[in-house]
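Asks: Please build the complex by placing chain B on the supplied structure of chain A, with the hints as guidance.
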Amino acid sequence: GAVVSQHPSRVICKSGTSVKIECRSLDFQATTMFWYRQFPKQSLMLMATSNEGSKATYEQGVEKDKFLINHASLTLSTLTVTSAHPEDSSFYICSARDRDRLAKNIQYFGAGTRLSVL
Amino acid sequence: GNSVTQMEGPVTLSEEAFLTINCTYTATGYPSLFWYVQYPGEGLQLLLKATKADDKGSNKGFEATYRKETTSFHLEKGSVQVSDSAVYFCALSGSGGSYIPTFGRGTSLIVHP
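For the protein sequence lines, the chains are A and B, in the order given. Quick note on my numbering: the first sequence kicks off at 31 and runs consecutively. Quick note on my numbering: the second sequence kicks off at 30 and runs consecutively.
Take these hints with a grain of salt, some might be off.
Dumping the calculated SDA-like pairs for lysine to any residue here, alpha-carbon to alpha-carbon at most 25 Å [claimed, not checked]:
{"no.": "1", "chain 1": "A", "residue 1": "Lys-71", "chain 2": "B", "residue 2": "Ser-101"}
{"no.": "2", "chain 1": "A", "residue 1": "Lys-71", "chain 2": "B", "residue 2": "His-103"}
{"no.": "3", "chain 1": "A", "residue 1": "Lys-71", "chain 2": "B", "residue 2": "Phe-47"}
{"no.": "4", "chain 1": "A", "residue 1": "Lys-71", "chain 2": "B", "residue 2": "Ser-137"}
{"no.": "5", "chain 1": "A", "residue 1": "Lys-50", "chain 2": "B", "residue 2": "Gly-70"}
{"no.": "6", "chain 1": "A", "residue 1": "Lys-71", "chain 2": "B", "residue 2": "Lys-85"}
{"no.": "7", "chain 1": "A", "residue 1": "Lys-71", "chain 2": "B", "residue 2": "Glu-105"}
{"no.": "8", "chain 1": "A", "residue 1": "Lys-71", "chain 2": "B", "residue 2": "Thr-34"}
{"no.": "9", "chain 1": "A", "residue 1": "Lys-71", "chain 2": "B", "residue 2": "Met-36"}
{"no.": "10", "chain 1": "B", "residue 1": "Lys-81", "chain 2": "A", "residue 2": "Asp-128"}
{"no.": "11", "chain 1": "B", "residue 1": "Lys-85", "chain 2": "A", "residue 2": "Ile-136"}
{"no.": "12", "chain 1": "B", "residue 1": "Lys-85", "chain 2": "A", "residue 2": "Asp-128"}
{"no.": "13", "chain 1": "B", "residue 1": "Lys-81", "chain 2": "A", "residue 2": "Asp-130"}
{"no.": "14", "chain 1": "A", "residue 1": "Lys-94", "chain 2": "B", "residue 2": "Ser-137"}
{"no.": "15", "chain 1": "B", "residue 1": "Lys-97", "chain 2": "A", "residue 2": "Arg-54"}
{"no.": "16", "chain 1": "B", "residue 1": "Lys-85", "chain 2": "A", "residue 2": "Arg-131"}
{"no.": "17", "chain 1": "A", "residue 1": "Lys-71", "chain 2": "B", "residue 2": "Asp-113"}
{"no.": "18", "chain 1": "A", "residue 1": "Lys-71", "chain 2": "B", "residue 2": "Thr-55"}
{"no.": "19", "chain 1": "B", "residue 1": "Lys-97", "chain 2": "A", "residue 2": "Ile-136"}
{"no.": "20", "chain 1": "A", "residue 1": "Lys-71", "chain 2": "B", "residue 2": "Gly-38"}
Think of the hints as simulated: they come from the structure by calculation, not from any bench.
Isolated chain A (complex conformation) (with noise of 0.2 Å):
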């Protein structure tokens, strides 16, 4: 089946400090990925979309500057919380759309990555 590893899946980190969050399809590619955010005991916050080759596209409210995305390639976006503070700390979890199954509609999701900033 589909697989998206997303690294690390634990991370603290000082604030002020960046931190850089990987989320690859391994075994198929994907032209779309998801970030999300989910708080304790909530449902899942869709952050951006970000598109292979192009520029990610961020939901009302996120800033994008503080939320870095990269695309590069067909198998890996990465999400880069800029100077971190306590307030971003959350779980945060990747997903990926198989690109010759786009009929599906089925979404892939990471194992997710715990984001605490001290």
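Replies: For chain B alone, kept in the frame of chain A given last:
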């Protein structure tokens, strides 16, 4: 706009009990409907899906039927196990030409031995 409403949790059951988690939706056109499951500390996994009215999605003993007349996609399982304890998310996508999914708030299921 699109929306998905799930019953609030947590739902607490004893092992082998019958499970129902209600989900209703609002959308234009004919979206696809999904149930995802999230185990503690993990990402989401697709549990089942249905793409058109009266379709029944099923997987691992879970079932849900796409009911257009009631705009519902309730999740059911005849006999739950402790290992089913997780958070379940109802979602839709493909409404109005958009493939970006809309998720419900999630329902936590706790199964006791």
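Asks: If a hint holds in the structure, say so; if it does not, say that too.
Replies: Now for the hints, and whether the structure bears them out:
At roughly 23 Å between alpha-carbon atoms, Lys-71 (chain A) and Ser-101 (chain B) fall within 25 Å of each other, so this suggested pair holds. Of the pairs offered as hints, the one joining Lys-71 (chain A) and His-103 (chain B) holds, with about 20 Å between alpha carbons and a cut-off of 25 Å not exceeded. At roughly 24 Å between alpha-carbon atoms, Lys-71 (chain A) and Phe-47 (chain B) fall within 25 Å of each other, so this suggested pair holds. At most 25 Å may separate the alpha-carbon atoms for a hinted pair to count; Lys-71 (chain A) and Ser-137 (chain B) meet this at roughly 8 Å.
As the CA atoms of Lys-50 (chain A) and Gly-70 (chain B) are separated by approximately 19 Å, the hinted pair is consistent with the 25 Å bound. Between Lys-71 (chain A) and Lys-85 (chain B), the direct Cα distance comes to roughly 28 Å. Violation of the 25 Å bound is thereby established for this hinted pair. Taking the CA atoms of Lys-71 (chain A) and Glu-105 (chain B), the gap is about 22 Å. The hint holds against a cut of 25 Å. Distance restraint check for Lys-71 (chain A) and Thr-34 (chain B): the Cα-Cα separation of roughly 15 Å lies within the 25 Å cut-off, and the hinted pair is therefore satisfied.
At roughly 14 Å between alpha-carbon atoms, Lys-71 (chain A) and Met-36 (chain B) fall within 25 Å of each other, so this suggested pair holds. Only pairs whose Cα atoms come within 25 Å are accepted, and Lys-81 (chain B) paired with Asp-128 (chain A) is accepted, the gap being roughly 21 Å. For a cut-off of 25 Å, the pair hint linking Lys-85 (chain B) to Ile-136 (chain A) stands: about 16 Å separates their Cα positions. For the hint linking Lys-85 (chain B) to Asp-128 (chain A), the alpha-carbon distance of about 23 Å falls within 25 Å, and the restraint holds.
Between Lys-81 (chain B) and Asp-130 (chain A) the alpha-carbon distance is near 21 Å, which keeps this suggested pair within the 25 Å criterion. Restraint check for Lys-94 (chain A) and Ser-137 (chain B): not satisfied, since their Cα atoms lie roughly 32 Å apart, outside the 25 Å limit. Between Lys-97 (chain B) and Arg-54 (chain A) the CA atoms are separated by roughly 36 Å; this puts the pair beyond 25 Å, and the hint is violated. Our distance criterion of 25 Å between C-alpha atoms is met by Lys-85 (chain B) and Arg-131 (chain A), whose separation comes to about 21 Å.
For the proposed pair Lys-71 (chain A) and Asp-113 (chain B), the alpha carbon gap of about 17 Å is at most 25 Å, so the pair holds. Taken as a hint, the Lys-71 (chain A) and Thr-55 (chain B) pair is honoured in the structure, with Cα atoms around 23 Å apart against an allowance of 25 Å. A hinted pair counts as satisfied when its Cα atoms are at most 25 Å apart, and Lys-97 (chain B) with Ile-136 (chain A) qualifies at roughly 20 Å. The hinted pair formed by Lys-71 (chain A) and Gly-38 (chain B) meets the criterion: a straight-line CA distance of about 10 Å does not exceed 25 Å.
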